[in-house]
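Undergrad: Chains as they are written, first to last, in the working numbering: chain P, 1 to 115; chain F, 1 to 114.
The hints are simulated quantities; they were obtained by calculation from the structure and are not laboratory data.
We put the CB at the ideal spot given by N, CA and C, even for glycine.
Mixed in with the good hints, there may be bad ones.
Quick list of the computed label-pair ranges, beta carbon to beta carbon [to be verified]:
| hint | chain 1 | residue 1 | chain 2 | residue 2 | range |
| --- | --- | --- | --- | --- | --- |
| 1 | P | Ser1 | F | Glu71 | 26 to 32 Å |
| 2 | P | Thr17 | F | Glu64 | 43 to 49 Å |
| 3 | P | Gln41 | F | Thr72 | 42 to 48 Å |
| 4 | F | Ser28 | P | Gln41 | 23 to 29 Å |
| 5 | P | Phe61 | F | Thr5 | 30 to 36 Å |
| 6 | F | Glu71 | P | Ile63 | 39 to 45 Å |
| 7 | P | Glu58 | F | Gly53 | 29 to 35 Å |
Just so you have them, the derived chain P footprint on chain F, three or more residues with Cβ under 8 Å [said to hold, decoys possible]:
| hint | segment |
| --- | --- |
| 8 | 37-45 |
| 9 | 105-112 |
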Amino acid sequence: SAVISQKPSRDICQRGTSLTIQCQVDSQVTMMFWYRQQPGQSLTLIATANQGSEATYESGFVIDKFPISRPNLTFSTLTVSNLSPEDSSIYLCSVVELAGFNEQFFGPGTRLTVL
Amino acid sequence: AQSVTQLGSHVSVSEGALVLLRCNYSSSVPPYLFWYVQYPNQGLQLLLKYTTGATLVKGINGFEAEFKKSETSFHLTKPSAHMSDAAEYFCAVSPAGGSYIPTFGRGTSLIVHP
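Can you make the complete structure from the sequences, with help from the hints?
TA: Written out as structure tokens, the structure is:
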């Protein structure tokens with residue numbers, strides 16, 4: 001099973017700034033995703049991070065607000081830009097092991113508070 | 001297309017009592033079904049999954065779930081709740097096979113009283 005680490009684990013940011021979250025996986029994985037979990041809510045898929053090409057964004061999420069990089073099969077970053085209090089959420093990195101019947105593994109999450 | 005409905009955003013039980021968390025799904029193709037648990041300030045952890053074969057699936061920490069195709073359900077149970085079971089539980093579904101991303105339910109918060 002994949003082991004995922006995220007940095008930072010939490011941060012408090014000022015309105016209008018940006019935060020970049022790093023996701024590191026201990027093995028090469030094809031499918032890597034970024035989710036948002038707003039307080040008291042379920043997980044919302046932001047985008048699929050594609051290695052070597054632009055990320056695939058879900059409806060309601062755009063690259064200018066959530067730029068994503070994935071330089072290789074074990075690492076990705078998510079930037080949340082031009083922060084507003086509505087961006088206060090937990091951001092989760094996740095990978096899917098297709099050989100494991102689509103089982104997902106999640107990082108510990110990054111808790112973002114925007115003041 | 002697939003969707004997941006978790007009945008009850010909060011479930012409260014006494015320690016030692018039966019835990020029942022409900023999950024109903026819809027899927028146009030045979031599904032893979034999952035239950036995840038999220039402890040406070042942590043990421044999600046897989047409890048159990050149904051892919052093929054036996055419809056009663058046993059997971060970690062004494063939890064089990066039964067896939068009932070006729071009822072399109074995958075309810076999670078545990079015979080005796082423990083204080084450490086207090087957490088958020090998410091049911092998820094994905095189409096069997098292929099590179100599909102699971103769809104998650106809204107989650108059920110399990111509260112365990114002493």
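Undergrad: If a hint holds in the structure, say so; if it doesn't, say that too.
TA: Hint check:
1. Separation of Ser1/P from Glu71/F is about 31 Å and conforms to the stated range, judged on CB atoms against 26 to 32 Å.
2. The hinted range of 43 to 49 Å is satisfied by Thr17/P and Glu64/F, whose Cβ atoms lie roughly 46 Å apart.
3. Distance hint check for Gln41/P and Thr72/F: the Cβ-Cβ separation is about 24 Å, which falls outside the suggested range of 42 to 48 Å.
4. With their beta carbons about 26 Å apart, Ser28/F and Gln41/P fall inside the hinted range of 23 to 29 Å.
5. Separated by about 24 Å at the C-beta atoms, Phe61/P and Thr5/F break the suggested range of 30 to 36 Å.
6. For Glu71/F and Ile63/P, the hinted distance range of 39 to 45 Å is satisfied, since their beta carbons lie about 42 Å from each other.
7. Between Glu58/P and Gly53/F, the C-beta spacing of about 32 Å keeps the proposed range 29 to 35 Å intact.
8. Counting residues of the segment 37-45 of chain F whose CB falls under 8 Å from any CB of chain P gives 5; the rule of at least 3 is met.
9. Only when three residues or more bring their CB closer than 8 Å to a CB of chain P does the claim for the segment 105-112 of chain F stand; here the count is 3, and the claim holds.
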